[in-house]
Structures are given as C-alpha cells and as structure tokens.
Amino acid sequence: MLNATTTVSRFGTAAVLAVATLIGANAAQATDITGAGSSFVYPVLSRWSASYAEKTGNQLNYQSVGSGAGIAQIKEGTIDFGASDAPMKAEDLARFGLGQFPVVVGGIVPVVNIAGVQAGQIKLDGATLADIFLGKIRNWNDPKIAALNSGLSLPAGKITVVHRSDGSGTSFNFTNYLSKVSPQWASQVKFGTSVDWPTGVGGKGNEGVSQYVKQIKGSIGYVEYAYAVKNRISWVDLKNAAGNVVAPNADSFAAAAGTADWASAKDFNLIMTNAPGAKAWPITATTWVIMYKQPKHAGQEQAEHRKVAFDFFKWALESGQQQAAQLDYVALPQNLVQKIEAYWASEYKH
Amino acid sequence: MSEAALPLDAPEQRATRDARHDRLFAGLLRACALIVLAALLGAAFATLWGGREAFGTFGWHFLASSAWDPGNQDYGALVPVYGTLATSFIALLIAVPVSFGIALYLSEVAPRWLRTPVASAIELLAGIPSIIYGMWGLFVFAPFFAEHVKPWLTNYLGNNPDDGHPSWVAAHVPFVGKLFASDYPFGASILTAGIVLAVMIIPFISSVMREVFQTVPTRLKESAYALGSSTWEVSWDIVLPYTRSAVIGGIFLGLGRALGETMAVTFVLGNAMDLSASLLDPGASIASTIANQFSEAVGLQKSALMALAFLLFVVTFIVLLIARLMLRRLASREGR
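As they're listed, the protein sequences go chains L and G. Reminder that position 316 of the first sequence reads as 315 in numbering that gives the first Met the number 0, one-by-one numbering, no gaps. Reminder that position 51 of the second sequence reads as 50 in numbering that gives the first Met the number 0, one-by-one numbering, no gaps.
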C-alpha cells in the first residue's frame with residue numbers, strides 16, 4: 000500500500016515532500032471512488048463505504064448494475080473498480096491488464112415451502128437437488144428424497160421449481176454446483192449467469208424468488224443466505240463433497256472458503272462450490288473485485304483514486320469483516336487475506 | 000419620384016423578409032419532424048446492428064425456434080414473441096369493452112357531478128408507474144388469482160382438472176381444454192399478465208374514447224333520440240361511427256403500451272422460456288426477457304437480446320400497419 004509514511008521513508012527528498020503535501024491536500028478534500036457490478040456484494044459494500052467515509056471522509060459510490068455490466072465498465076475504464084460474481088479468465092485479465100481478488104464470502108441456500116417443514120429439517124444431496132431442478136424428481140414423496148430424510152414424513156405434493164429470471168451471480172454459483180454434482184446437468188444445461196432451466200418459473204432477483212417460494216406450496220428455490228433468514232423461509236441442509244450433512248451458517252461458509260484450493264488458483268480464479276472440507280457448505284460463493292494492474296490513464300487524479308481504492312479494500316479485509324458478519328456474509332480466512340495482500344504487492348503497480 | 004419609391008419599396012422589403020422567415024420556420028418544423036424519424040430509424044438500425052451476430056448465426060431459424068439456452072448458445076425468439084402477442088391480445092380483449100363502457104357512461108349516462116371526479120381518477124391511474132402495477136400484481140393479484148380464479152378455470156375449463164374428469168366445455172370445445180390446463184399451482188401466467196396489462200391500458204383507451212365521444216355534435220344525438228332511439232342505439236349507431244377512427248387510434252395507443260410494457264409483465268409473467276399452449280402457464284415476453292437478462296449477458300446472448308429488441312420494433316410496426324389498413328378499409332366502405 001502506498002501511504003505518506005512509506006513514501007517519505009523510501010525517498011525522503013524535498014521533491015517527494017512536495018508530492019506528499021499535494022496528496023495530503025487532496026486527501027483532506029476527500030476523494031470519491033466509483034465501482035460497479037455485482038448485486039451480491041452491494042449490501043456489504045454500502046455498509047463498508049458508510050463506515051469508511053466516517054473514518055476517512057472518502058466516499059465510495061457503488062452501482063449494483065450486475066456483474067457483466069461491471070466487467071464491461073471496468074474494461075472501458077469509466078470506473079475505479081468492477082465487482083463480479085464470476086471470476087474473469089486469466090487470459091482475459093492479461094489481455095486488458097486487469098487483476099482480481101475476492102473480498103467477501105457468502106452462501107447460497109436452497110429454500111423450500113413444504114407444509115410443516117421447518118428450516119434445516121429436510122436434507123438433500125447434490126445429485127437429488129440436480130434431479131429436482133432437472134424436473135426428474137417431481138414429487139416430495141419421491142423415494143430418493145425419502146432415503147435422505149428418514150424420520151421426516153413428507154407430503155405427496157408436486158414440486159415446483161423456482162429459479163432466478165434475471166442473469167445473476169447467484170444463479171452462476173448455483174448452476175456451477177449442480178454441474179459439479181450432476182453429469183446430466185453439466186452436459187445438458189451447463190452453468191452461467193442465466194441458463195435454459197428445464198422446469199419451473201423465474202422470479203426477478205432474490206426478492207422475486209423469495210416471494211414466489213413463499214407463495215407457492217411445494218416449491219423449491221435458491222437464494223442468498225441473508226434473504227432466507229430475513230424472509231423466514233425454510234432452508235435445506237445439504238450433503239457436501241466430504242459426505243457430511245451440513246447446515247448453512249457462517250461456520251460452514253468459512254469452512255468452504257478455508258478449504259478451497261486457493262494456492263493453485265492463479266489470479267484467485269477458483270469457483271469454490273462443492274469445496275472439499277469436512278464442514279464446508281457446498282454452495283459457497285465470493286465476489287471478485289477487478290482493477291487495473293497499472294493505471295489506465297496517467298495523472299494525479301487516477302493515482303489518487305487507486306490509492307484510496309486500495310486503502311478501502313485493505314481496511315475492508317482487515318477491519319470490515321465484523322460488519323460483513325452482521326449482514327450474514329463471512330469474513331475471508333486469514334491465510335486468504337494474506338495471500339490477497341501479497342498479490343497486491345506483487346501484481347499491482349501504484 | 001423618390002417620395003413615391005419609398006412606400007413602394009417598404010412592402011417589397013417586408014415581403015422578402017416574410018418569405019425568408021417563412022422558409023426558416025418551415026425548415027425548423029421540418030427539422031423537428033425529421034428528429035423523430037431519425038431517432039426511430041437510428042434505434043431500429045442500432046438494434047439490428049447489435050443483433051447481427053444472432054441473425055447471422057441463426058438466420059430465419061431465430062424466428063421459429065423456441066430454444067433459449069445460454070449454456071449451449073442456442074437462441075430463438077418464438078417464446079418471447081408469442082408471449083408478447085398473447086399478453087397484449089388478452090389485455091385488449093378485456094380493456095376495449097371495459098374502456099368503451101367507461102367512456103360511454105361518462106359521456107352519455109353519468110350524472111354531471113360524477114363525470115369530473117371519475118375522469119380525473121382515470122387520468123391519475125394512467126400516471127401510475129408500471130413498477131407499482133408490477134408489485135401489486137406480484138404481491139396482491141397473483142396470490143388472489145392462484146387461490147380463487149385459477150382453480151376454477153383449471154377445473155371447469157381445463158382438460159386436466161384435479162379430479163381427472165374434464166368438464167363438458169373442455170371435452171367438446173376444441174382448444175379450450177388446452178388453453179386452461181396447468182400443473183403450476185401459482186398465479187404468475189400469461190393470463191395474469193394480460194389482466195394486469197388490461198388494468199394498465201384501460202385508463203389510456205378510456206380517456207381517449209371519452210374525449211372523442213364528447214366531440215359528437217349534440218344535434219346528431221338529439222335527432223336520433225327524437226326519432227325514438229335508445230341510449231344504446233345512439234351510442235352504437237351515432238357516437239361510435241362518428242368517432243370510429245379516433246377510437247381505433249386510442250385502442251392502438253393502448254396496444255402499443257401493452258406490447259412494450261416491461262416491469263409489470265416481468266413480475267407477473269413467470270419468466271419461463273417454455274412454449275406452452277396454456278394461458279395459465281408461465282411465459283416470457285420480449286421486453287421482460289431483455290430486462291431480465293441484458294445486464295449479465297455477453298457475446299451471442301447479448302446479440303440475441305438486441306435481435307429481440309429489433310423484433311419488437313417489427314412486431315409493433317406490423318401491428319400499426321394492420322391498424323392503418325383497418326382504418327382505410329373502414330373509410331372506403333363508408334365511401335369517404
């Protein structure tokens with residue numbers, strides 16, 4: 000990170016003092032940085048930006064326009080950082096001179112509306128979940144579901160699948176998980192921000208899906224964990240890659256982030272669904288912040304924006320994670336934060 | 000001589016100045032009109048250009064294919080185009096008679112003190128943003144529809160009712176059974192979207208109708224009444240023929256809004272990219288598909304969405320063309 004003290008100690012000349020004064024003067028009048036992209040990360044970014052503005056006076060303007068639009072805008076260079084729920088490929092990053100790093104972890108949970116079934120009472124595994132979303136399992140009393148839920152009597156109701164109608168990072172991670180656990184899903188539907196859903200109806204946004212699931216008896220959908228908690232919809236426990244049934248909560252999301260294989264992922268290009276840890280929640284997601292490795296335009300203003308942006312994310316990763324937890328996101332594990340800061344030092348030019 | 004030249008000269012100068020001003024004014028007006036034309040052509044061309052990749056990849060197949068598969072990069076416009084036309088058609092089917100009733104009541108039947116408040120209420124309704132109708136549709140109307148209307152429709156008109164015995168209507172009238180069959184136990188559907196759209200366009204159509212009904216000369220109506228006509232006969236034989244072209248214009252104004260409506264439809268249409276004969280199944284419209292997918296779309300998917308936008312232009316153009324032809328046929332039949 001570039002800050003006044005290290006700059007001075009490194010050079011310590013009159014000229015640099017003059018620059019430092021200039022930077023000091025700019026910081027005093029507050030810098031507004033702008034970002035755009037993922038709506039998944041929007042709640043926590045706006046909470047962070049309010050606290051950060053209180054602390055430093057620097058404002059962060061974030062437009063939650065969708066990951067695709069965020070990537071498009073950072074490529075154009077009209078914003079200081081983009082945020083995407085899907086990682087950019089290494090060759091795309093290299094072509095545009097961009098770098099990316101995760102900032103926060105969240106979980107996606109299947110939610111159901113079955114009479115008499117409370118949150119966490121019903122358990123599913125990946126293959127069964129995929130078969131439901133493929134339209135192959137059509138009734139709640141299907142033997143495959145019953146085999147996973149001994150002791151729970153499920154009604155003979157029809158299953159209605161609810162999915163996102165809009166392109167979204169939530170769908171991206173959810174379908175990515177289904178592709179990993181179901182060969183048929185991987186070959187027929189594949190994964191992406193929007194896919195050709197074999198069955199069901201589409202609700203717009205997490206709100207739309209929550210609303211439909213609450214309205215439709217016998218429905219199953221998927222939302223970000225915070226929405227399931229907020230709207231009091233029953234979620235489903237899932238059997239993870241290690242074969243254990245886990246409940247969605249901060250611990251299991253953190254376990255997924257901690258056990259994912261970040262070491263061999265260049266540019267943090269790793270989708271951590273179906274993580275291997277014994278306690279890992281299988282549909283855990285992160286959002287990547289995308290920034291230019293070198294300033295796209297020369298000039299004092301751009302340098303100042305980058306300085307503030309890095310300072311913001313350093314602060315967010317080190318001290319902002321408490322606030323993330325209040326919003327049902329999960330802090331990045333300590334070893335991952337260190338890895339990100341090492342990545343900043345080696346890849347980004349200030 | 001010089002005294003005589005002065006009064007002759009002044010009007011001449013005046014005339015040239017007027018002529019210059021007239022030309023300037025005409026040019027200005029022409030520019031205003033051309034801006035509209037340029038905006039229209041520009042938008043149509045931009046969407047066509049944006050969709051060139053999709054049109055190039057799929058050709059005519061794009062129009063006939065019901066696929067919309069981002070995973071396998073296969074796109075077709077049939078589902079959204081059908082959804083757009085079906086919802087708008089249902090909306091017109093409901094909105095036109097209701098609007099006609101409202102306008103007729105307000106201009107012919109209602110007591111004078113009631114006319115102004117109801118007319119202002121209708122204009123207020125026209126000003127409500129569509130997202131409000133969408134939320135009302137999602138939170139209030141769709142649950143009501145699923146609870147009270149849809150079961151009745153599927154049981155009495157559908158060919159796949161809960162008790163397994165199709166009603167007489169479903170068994171004997173072709174297509175009806177298919178139109179009202181549904182496995183989905185909830186309210187979002189093509190019919191729901193059509194009804195919400197109808198509520199949205201009724202204010203437009205009825206206020207236009209009311210305005211033009213008031214332009215019918217009193218002596219025509221009173222002559223008819225004097226000959227012993229009932230209110231209905233006056234409305235149907237005097238008021239409506241007198242205002243026919245304006246009424247059709249109002250209907251197509253409403254239709255134009257229904258075809259392009261985005262947010263309200265997105266909330267209550269169910270957003271399923273499947274082609275279904277049933278009006279009670281979820282569907283997709285052109286505008287809702289674009290609104291849903293545009294922000295996250297890249298490459299061929301983005302191009303396919305642009306192609307859809309171009310098709311919306313084409314659909315609207317064809318609909319307006321049909322309206323023009325209808326008007327012309329009416330005019331020639333009346334010998335005008």
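Hints in this document: simulated from the structure, not taken from any laboratory. Yeah, the Cβ is synthetic: ideal placement off N, Cα and C, and Gly gets one too. Among the hints, a few may not be true.
Distance ranges between label pairs, derived from CB positions [said to hold, decoys possible]: (1) I130(G) to Q183(L): 32 to 42 Å; (2) A170(G) to D250(L): 31 to 41 Å; (3) L77(G) to Y41(L): 54 to 64 Å; (4) A109(G) to Q322(L): 25 to 35 Å; (5) K54(L) to I317(G): 31 to 41 Å; (6) F138(G) to Q187(L): 31 to 41 Å; (7) G298(L) to F44(G): 50 to 60 Å; (8) G126(G) to Q62(L): 44 to 54 Å; (9) F44(G) to A324(L): 30 to 40 Å; (10) L36(G) to K54(L): 32 to 42 Å; (11) D182(G) to Y41(L): 55 to 65 Å; (12) P110(G) to Q62(L): 14 to 24 Å; (13) P116(G) to S152(L): 38 to 48 Å; (14) F44(G) to A341(L): 27 to 37 Å.
Among the chain G residues that face chain L by a calculated CB cut under 10 Å, a handful are [as the list claims (entries may be wrong)]: (15) D68; (16) L84; (17) F185; (18) S229; (19) W231; (20) S287; (21) T288; (22) A290.
Here are the simulated lysine to aspartate or glutamate pairs, DMTMM-like style, with alpha carbons at most 20 Å apart [stated by the list, open to error]: (23) K54(L) to E303(L); (24) K213(L) to D182(G); (25) K338(L) to E300(L); (26) K292(L) to D260(L); (27) K157(L) to E146(G); (28) K301(G) to D195(L); (29) K301(G) to D91(L); (30) K157(L) to D73(G); (31) K157(L) to D280(G); (32) K216(L) to D161(G); (33) K54(L) to D310(L); (34) K306(L) to E340(L); (35) K135(L) to D162(G); (36) K179(L) to D91(L); (37) K189(L) to E146(G); (38) K189(L) to D273(G); (39) K135(L) to D68(G); (40) K88(L) to D260(L).
Okay, the hints, checked on the actual structure:
Judged by the Cβ atoms, the range 32 to 42 Å given for I130(G) and Q183(L) holds: they are separated by roughly 38 Å. For the hinted restraint 31 to 41 Å between A170(G) and D250(L), the CB-CB distance of approximately 58 Å leaves it violated. Judged by the Cβ atoms, the range 54 to 64 Å given for L77(G) and Y41(L) is violated: they are separated by roughly 35 Å. A beta carbon spacing of about 59 Å between A109(G) and Q322(L) contradicts the range 25 to 35 Å that was offered as a hint.
As the Cβ distance of K54(L) to I317(G) is approximately 59 Å, the hint placing it in 31 to 41 Å is violated. A hinted range of 31 to 41 Å for the beta carbons of F138(G) and Q187(L) is consistent with their spacing of about 34 Å. Checked against the hint of 50 to 60 Å, the pair G298(L) and F44(G) fails, with Cβ atoms roughly 37 Å apart. G126(G) and Q62(L) have their C-beta atoms about 28 Å apart, which leaves the hinted 44 to 54 Å range violated.
Checked against the hint of 30 to 40 Å, the C-beta distance between F44(G) and A324(L) comes to roughly 51 Å, which is inconsistent with it. Between L36(G) and K54(L) the beta carbons are some 55 Å apart, a value that contradicts the proposed interval 32 to 42 Å. Taking 55 to 65 Å as the suggested C-beta distance range, the pair D182(G) and Y41(L) does not conform, at roughly 36 Å. The supplied range of 14 to 24 Å is broken by P110(G) and Q62(L), whose beta-carbon atoms lie about 53 Å from each other.
The given range of 38 to 48 Å is broken by P116(G) and S152(L), whose C-beta atoms sit roughly 57 Å from each other. Range check, F44(G) to A341(L): Cβ separation about 50 Å, and the 27 to 37 Å hint is violated. The interface hint given for D68(G) holds, since its Cβ lies 4 Å from the closest Cβ of chain L, which is under the 10 Å cut-off. For L84(G), the shortest C-beta to C-beta distance to chain L is roughly 20 Å, which exceeds 10 Å, and the interface hint is violated.
Interface hint status for F185(G): upheld, as the beta-carbon distance to the closest one in chain L is roughly 4 Å, under 10 Å. Violation of the interface hint for S229(G) is found here, the shortest Cβ-Cβ separation to chain L being roughly 47 Å, above the 10 Å cut-off. A distance limit of 10 Å between C-beta atoms decides the matter here; for W231(G) the minimum to chain L is near 43 Å, and the interface restraint is violated. For S287(G), the shortest C-beta to C-beta distance to chain L is roughly 8 Å, which falls under 10 Å, so the interface hint holds.
Hint status for T288(G): holds, given a least beta-carbon distance of 9 Å to chain L, under 10 Å. Proximity of A290(G) to chain L holds as hinted, the smallest CB-CB distance being about 8 Å (cut-off 10 Å). At roughly 17 Å between alpha-carbon atoms, K54(L) and E303(L) fall within 20 Å of each other, so this suggested pair holds. The straight-line distance between the Cα atoms of K213(L) and D182(G) is roughly 18 Å, inside the 20 Å bound, and the hint therefore holds.
For the hint linking K338(L) to E300(L), the alpha-carbon distance of about 28 Å lies beyond 20 Å, and the restraint is violated. About 24 Å separates the Cα atoms of K292(L) and D260(L), which puts this hinted pair outside 20 Å; it is violated. Our distance criterion of 20 Å between C-alpha atoms is met by K157(L) and E146(G), whose separation comes to about 16 Å. Under the criterion of a C-alpha separation no larger than 20 Å, the hint pairing K301(G) with D195(L) is consistent with the structure, at around 15 Å.
Taken as a hint, the K301(G) and D91(L) pair is honoured in the structure, with Cα atoms around 18 Å apart against an allowance of 20 Å. Distance restraint check for K157(L) and D73(G): the Cα-Cα separation of roughly 30 Å exceeds the 20 Å cut-off, and the hinted pair is therefore not satisfied. At most 20 Å may separate the alpha-carbon atoms for a hinted pair to count; K157(L) and D280(G) meet this at roughly 15 Å. For the hint linking K216(L) to D161(G), the alpha-carbon distance of about 16 Å falls within 20 Å, and the restraint holds.
Under the criterion of a C-alpha separation no larger than 20 Å, the hint pairing K54(L) with D310(L) is consistent with the structure, at around 12 Å. For the proposed pair K306(L) and E340(L), the alpha carbon gap of about 14 Å is at most 20 Å, so the pair holds. For the hint linking K135(L) to D162(G), the alpha-carbon distance of about 24 Å lies beyond 20 Å, and the restraint is violated. With a CA separation close to 24 Å, the supplied pair K179(L) and D91(L) exceeds the 20 Å bound.
At most 20 Å may separate the alpha-carbon atoms for a hinted pair to count; K189(L) and E146(G) exceed this at roughly 35 Å. Annotation: proposed proximity of K189(L) to D273(G) holds, straight-line Cα distance about 18 Å (limit 20 Å). Taking the CA atoms of K135(L) and D68(G), the gap is near 19 Å; set against the 20 Å cutoff, the hint holds. The hinted pair formed by K88(L) and D260(L) meets the criterion: a straight-line CA distance of about 17 Å does not exceed 20 Å.
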